[in-house]
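Could you build the full structure based on these sequences and the hints that come with them?
Going line by line, the protein sequences match chains B and S.
Here the first sequence stands for residues 1 to 180, numbered as in the numbering used here.
Here the second sequence stands for residues 1001 to 1275, numbered as in the numbering used here.
Honestly, the hints are just simulated from the structure, not real lab data.
Please note: incorrect hints may appear among the correct ones.
As the list claims (entries may be wrong) - Straight-line alpha carbon distances no greater than 30 Å define the calculated BS3-like cross-link-like pairs of lysine-lysine that follow:
1) S:Lys1262 / B:Lys35
2) B:Lys95 / B:Lys54
3) B:Lys102 / S:Lys1006
4) B:Lys161 / S:Lys1145
5) B:Lys161 / B:Lys55
6) B:Lys139 / S:Lys1262
7) S:Lys1262 / S:Lys1231
8) B:Lys102 / S:Lys1005
9) B:Lys139 / B:Lys6
10) B:Lys95 / S:Lys1005
11) B:Lys161 / S:Lys1005
12) S:Lys1096 / S:Lys1145
13) B:Lys102 / B:Lys55
14) B:Lys35 / B:Lys171
15) B:Lys139 / S:Lys1200
16) B:Lys5 / B:Lys95
17) B:Lys35 / S:Lys1200
18) S:Lys1262 / S:Lys1145
19) S:Lys1005 / B:Lys171
All values derive from a computational prediction rather than experimental measurement.
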Amino acid sequence: MRDLKKVIAVILLIVSFFIIYFLQSNFFTWFTISKVQPNLFVIFILFVGLFTGKKLGLILGIIFGFYLDVVIGRQIGVSGIMLGIIGLAGEYLDKNFSKESKITIILMIIGSTLIYEIGSYVFSLITLDINIEILSFMKILFIETLYNVIITIIIYPLIQKLGHLLEEIFKTRNILTRYF
Amino acid sequence: MNRNKKSGIIGIIITVIILVILVVFTNSNVNQVSFVENIFNVLVMPVQNGFTYLKNKISGNDSYFADMDTLKQENEELKQKNSELEQSLRELEIIKAENETLKEYVNLKDKYADYNTIPADVINRDISNYSSTVVINVGTDDGIKEGMTVIADSGLVGHIVSATSNTAKVQTIVDTASAVTSTISTTDDTIVVQGTLDDKTALKATFIPTDAVVLQGDSVETSGIGGIYPKGIHIGTIREVVNTNNITDRYAIVDTAVDFTKLNTVLVITNSVDE
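Printed below as a string of structure tokens:
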């Protein structure tokens, strides 16, 4: 019964990914802050890592990232690696900080967005022949992080509810909530 | 508990409102401001016109008694000028018609008539803020290969970086990893135009020869050097030349001919540069 629940949950996560992908490639291409889009994939994978554990976070992060790279990315593997790292980091963050605090979740989102985008940009600088534009990059990164934070604040109740449902399915041990 | 829930909902509503305001304000352009200005103009202008009419009436009272002979003479002169202007207008209309014909000769469709092209639709756009690639609905089954040039009606779009059986990924010229060797059409000087993070509708032109005279409005075309893009495809026009202390570092901002935000249909050139 538990395994069936797990399978259904994974299928729903995959469906959610495609809904997020649709939003990111349509709605958020024009609903921007100063022409900058948010990065919903970072929020999604961190959410998966936090509430389901590092295994699923890592696997889904790599698969979804790889899919993004193949479909629209410039280099194969960058998004896969970076989203995988965020999925993996989810469980470690869960063990050290409380998910029940909105502030902690926001700080996690800020950290994850920064890690993902800086990592991807450095990788692009190394592998592609592109000019270094630190100021422009920082400006976009700041707006993108802010946008991710705003979205997190809006969907926080949803994150909490769905997160706890996932936690019940995937995490067998009772984890005592530790406050930050 | 209930109070906490209530304040939470209020917090979310406020955040949504802030987000919408941010999106609207940061994406609004001058035209929208002008729209508001127009509304005010519509309200204020009739009153202003009325006052101006009255002022002119009062201040122009002394000219009412002007000499009638002078007025008649002026009227004759004006009639003469009018007929001359009508003649000039007819001549201009002929020149305009000739100009239209010449424009048709240099129309982009004629310009690209030498190339074999395959039409395609843009089916996917980049979801990242740091790159600019698009996916089109033609692939290897249609004869698409890596490196082929992609154009739109108004100019260069980019080139194919990878292709599947029925889709192809196009790296646009506004992508930060794109660099196109091009020429300034008026002077034939060779420059390199690159995509920037700052603006997805403009390119940065670098390696401008020190003796080159670059002017605002100059057209930029592909040079044919580099082996990817054929020669003579329109890229854009120079918006601004930025001079630096060292003349070798000066650069120009080039407005792309293609509007990448509204790019829906493209043409893929299937014959290579040499063919």
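Violations among the numbered hints, reported as their numbers in ascending order: Hints 4, 9, 12 and 14 not satisfied by this model.
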